[in-house]
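My numbering puts the sequence shown at residues 866 to 1037.
Incorrect hints may appear among the rest.
[As the list claims (entries may be wrong)] Simulated crosslink set (DSS-like; lysine-lysine; CA at most 25 Å straight-line):
1) Lys933 to Lys949
2) Lys952 to Lys918
3) Lys914 to Lys944
4) Lys949 to Lys914
5) Lys918 to Lys949
6) Lys960 to Lys949
7) Lys952 to Lys914
8) Lys972 to Lys952
9) Lys1009 to Lys972
10) Lys914 to Lys972
11) Lys949 to Lys972
12) Lys972 to Lys933
13) Lys918 to Lys944
14) Lys960 to Lys972
15) Lys972 to Lys944
16) Lys944 to Lys933
17) Lys1009 to Lys949
18) Lys933 to Lys918
[Unchecked claim] The calculated label-pair distances, taken between Cβ atoms and stated as ranges, are:
19) Asn930 to Asn990: 19 to 29 Å
20) Ser915 to Asn990: 40 to 50 Å
21) Asp912 to Lys1024: 39 to 49 Å
22) Gln943 to Ile1025: 32 to 42 Å
23) Ile1025 to Asn907: 32 to 42 Å
24) Arg989 to Ile913: 38 to 48 Å
25) Asn990 to Thr910: 36 to 46 Å
26) Asn981 to Gly923: 15 to 25 Å
27) Met911 to Gln978: 22 to 32 Å
28) Asp912 to Asn990: 36 to 46 Å
29) Lys914 to Ile1025: 43 to 53 Å
30) Tyr920 to Glu1026: 35 to 45 Å
31) Trp1023 to Asp922: 32 to 42 Å
32) Asn1001 to Gly917: 17 to 27 Å
FYI, nobody ran anything at the bench for these hints, they're computed from the structure.
C-beta atoms are modelled at their ideal positions from N, C-alpha and C, and glycine is treated no differently.
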Amino acid sequence: TVSGNIFAFDEAGFLNYKNGLQNCSYPQYPLLIYKDESDVINAGTMDIKSNGKMYLDGDVFIGLNEGKINADSATFIQKQNSVKDIKNGSIYHSKNYFNFLTGSLEKQSGRLQLDNGTTFLRERNLLINFESLDGNLGEYLNFKNATLTSCNNNSQGWKIEAESINIDENTS
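Please put together the full structure from these sequences, using the hints given.
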């Protein structure tokens, strides 16, 4: 089981809310108020090796500062404080969602590499499908072979396709 508290938060009726300017909604990305320890790790099966690697399989949960990782499987490397070989994963961090087939994340620095996925950036109301993503959580995101839109259904809005999309997450 997951320790800590996770609350779904319906921000101003968000789950039924449609953006009046773009007529778009994202009920599959609710705002979560996440409170947990960043050192929590849970999985159906944990195989801990003497070299500090922890192989995790089945309902993997790893707590992060300002978020969490969920996956089918992953490898946690204690000495590097990193998560490698994440399979069928999702990362929720600072109100943003990252769903992907494979990836890795360095917990301390926030450096991530993800393949074949979708990202929802809440503050910018952007949905990005990508072949690869390289960046640092809360700093910058570099998407390769990506599409960017503000709508789930492109017929209700617009879509940009690009070999590279770079987003600076620093809001200062």
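* **Hints violated by the structure (listed by number, smallest first)** => Violated hints: none; all satisfied.
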